[in-house]
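With the hints as your guide, set chain B onto chain A.
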Amino acid sequence: MASTDPRSPFGAPNPIEPPRVDPDPADPRSPVAHATERRARRAYELSRIRRALLAASPVLALAALAALVSPSPTRVVPFAILSFGAATLMVWQSRSMSRAALVGMLAGVVPLALSLAANQWHACGPHGCASHGFSSFCAPACALGGLVAGLGVGVSAHRTRASAPFWIGASTLAWGVGALGCACVGAVGVAGLAVGLLVGVMPAWSVRAARA
Amino acid sequence: MTEGPLPRAEIDVWMARLAAGEREVFTLVFEALWPRVFGLCRATLGNDADAADAAQQAMMKLMERAADYDPSRAALPWALAIAAWECRSALRRRTRSREVASSEPEESASHSPTSVDGARTLEANDPESELVRRDLVQRALDAMNELSDVDRATLAATFFDEPTEVVGATLRKRRERAIDRLRAAVRRLYGLD
Numbered sequence: 094m095a096s097t098d099p100r101s102p103f104g105a106p107n108p109i110e111p112p113r114v115d116p117d118p119a120d121p122r123s124p125v126a127h128a129t130e131r132r133a134r135r136a137y138e139l140s141r142i143r144r145a146l147l148a149a150s151p152v153l154a155l156a157a158l159a160a161l162v163s164p165s166p167t168r169v170v171p172f173a174i175l176s177f178g179a180a181t182l183m184v185w186q187s188r189s190m191s192r193a194a195l196v197g198m199l200a201g202v203v204p205l206a207l208s209l210a211a212n213q214w215h216a217c218g219p220h221g222c223a224s225h226g227f228s229s230f231c232a233p234a235c236a237l238g239g240l241v242a243g244l245g246v247g248v249s250a251h252r253t254r255a256s257a258p259f260w261i262g263a264s265t266l267a268w269g270v271g272a273l274g275c276a277c278v279g280a281v282g283v284a285g286l287a288v289g290l291l292v293g294v295m296p297a298w299s300v301r302a303a304r305a
Numbered sequence: 005m006t007e008g009p010l011p012r013a014e015i016d017v018w019m020a021r022l023a024a025g026e027r028e029v030f031t032l033v034f035e036a037l038w039p040r041v042f043g044l045c046r047a048t049l050g051n052d053a054d055a056a057d058a059a060q061q062a063m064m065k066l067m068e069r070a071a072d073y074d075p076s077r078a079a080l081p082w083a084l085a086i087a088a089w090e091c092r093s094a095l096r097r098r099t100r101s102r103e104v105a106s107s108e109p110e111e112s113a114s115h116s117p118t119s120v121d122g123a124r125t126l127e128a129n130d131p132e133s134e135l136v137r138r139d140l141v142q143r144a145l146d147a148m149n150e151l152s153d154v155d156r157a158t159l160a161a162t163f164f165d166e167p168t169e170v171v172g173a174t175l176r177k178r179r180e181r182a183i184d185r186l187r188a189a190v191r192r193l194y195g196l197d
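From first to last, the protein sequence lines stand for chains A and B. Start counting the first sequence at 94; every next residue gets the next number (the working numbering). Start counting the second sequence at 5; every next residue gets the next number (the working numbering).
Here chain A stands alone, though its shape is the one from the complex (with noise of 0.2 Å):
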């Protein structure tokens, strides 16, 4: 029915156009081929995606450890919601920033242990603490451990020469565990412990930045 052909006016196929060829299906620009790097490239996401959520979930049992021991569990949540979520996105995102995750998430334990320690023995709490003459003990805990987090922060990066994003990475998540144990201390805890933090990071940045 060559009337039929829209490509020819007189009613027969256009001779000049040449005859429509489906392209060979190992050719990477045929249909088959786009439709399946579109599927493949959802499935690298979604797998990196659970790898993170699994590489982040120690986070959460950090999380539930301070819960349990904290007089406030309350005041934890936030703090697990946000370092879980810093940390699957670190992990999902590349793997030198997975590295940062792991950093930050060791460095974190220190402030977490010293302020959870700090709080067993002198019943610190939103409310003050237990003990006179204690009160001020659990702030310090968190700045010395918020210290000793970023001085850890501070060599790792700067031995493996990272980038920008592996030191903010690594100090966010660090600050965010290390506040699921300060924030039952109160905005003073949380805050001393991002000054301790802050300060142990600050030479190794300095000796990056006089380098750059």
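It is possible that part of the hints are untrue.
Facing chain B, according to a computed beta carbon distance under 7 Å, are these residues of chain A, among others [stated by the list, open to error]: (1) Ala126; (2) Ala133; (3) Ala136; (4) Tyr137.
Which residues of chain B face chain A? A partial, calculated answer using Cβ under 8 Å [stated by the list, open to error]: (5) Ala24; (6) Phe30; (7) Phe34; (8) Glu35; (9) Trp38; (10) Pro39; (11) Phe42; (12) Gly43; (13) Gly50; (14) Asp52; (15) Gln60; (16) Met63; (17) Met67; (18) Glu68; (19) Ala71; (20) Arg97.
In short, the hints are calculated from the structure, not lab data. C-beta atoms are modelled at their ideal positions from N, C-alpha and C, and glycine is treated no differently.
Structure of chain B alone, referenced to chain A:
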């Protein structure tokens, strides 16, 4: 097919970058692997439709495992091993469905003598030589999976004209050894050469 000489070292680098989370090399990796994976599936399964399904599955698996890729290993043999596994699974599924399909007319034939022609038609569509060929391909893939990455790469260079890191006498020696080991693997698996 649009297969050119494969930049194997580049694929290794791209694959390592993809494993590290660099999404911008995704298309490069895909475009480098797709023709090879599809070619392997086409050679194994014998038609484009089955090959497309198996190659799709293989690429999905590959990309799911991309984050686990070990950069010290060659990317192409790793990818082709995954693809070969998918092709073999597809082959197995197809053989199984044929067995079920061919057993059904036999069963119905035993109940009804009028369906004998139907069973004959099925036999005509499923020649013995095709089954033998596919069986041989499956056995060869099984044996290939027993070999090391180096041997697999050498055999891929020999039979699929893949470029290799080595040439000349070294390649010949490697090829001889790889074929010896392939023969030994076939003998071990099936008791024949």
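Verification of the supplied hints:
1. Ala126: holds (5 Å)
2. Ala133: Holds, about 4 Å.
3. Ala136: Interface hint status for alanine 136 of chain A: holds (5 Å vs cutoff 7 Å).
4. Tyr137: holds (4 Å)
5. Ala24: Status holds, d = 4 Å.
6. Phe30: holds (6 Å)
7. Phe34: OK, holds: phenylalanine 34 of chain B within 8 Å of chain A, min 5 Å.
8. Glu35: holds (4 Å)
9. Trp38: holds (5 Å)
10. Pro39: Hint on proline 39 of chain B: holds, closest Cβ of chain A at ~5 Å, below 8 Å.
11. Phe42: Hint on phenylalanine 42 of chain B: holds, closest Cβ of chain A at ~4 Å, below 8 Å.
12. Gly43: For glycine 43 of chain B, the interface hint holds, since the closest Cβ of chain A sits about 6 Å away, which is under 8 Å.
13. Gly50: violated (14 Å)
14. Asp52: Holds. Min distance 6 Å.
15. Gln60: holds (5 Å)
16. Met63: holds (5 Å)
17. Met67: Interface hint status for methionine 67 of chain B: holds (4 Å vs cutoff 8 Å).
18. Glu68: holds (4 Å)
19. Ala71: The hint holds - alanine 71 of chain B has a Cβ within 8 Å of chain A, the shortest such distance being about 6 Å.
20. Arg97: violated (19 Å)
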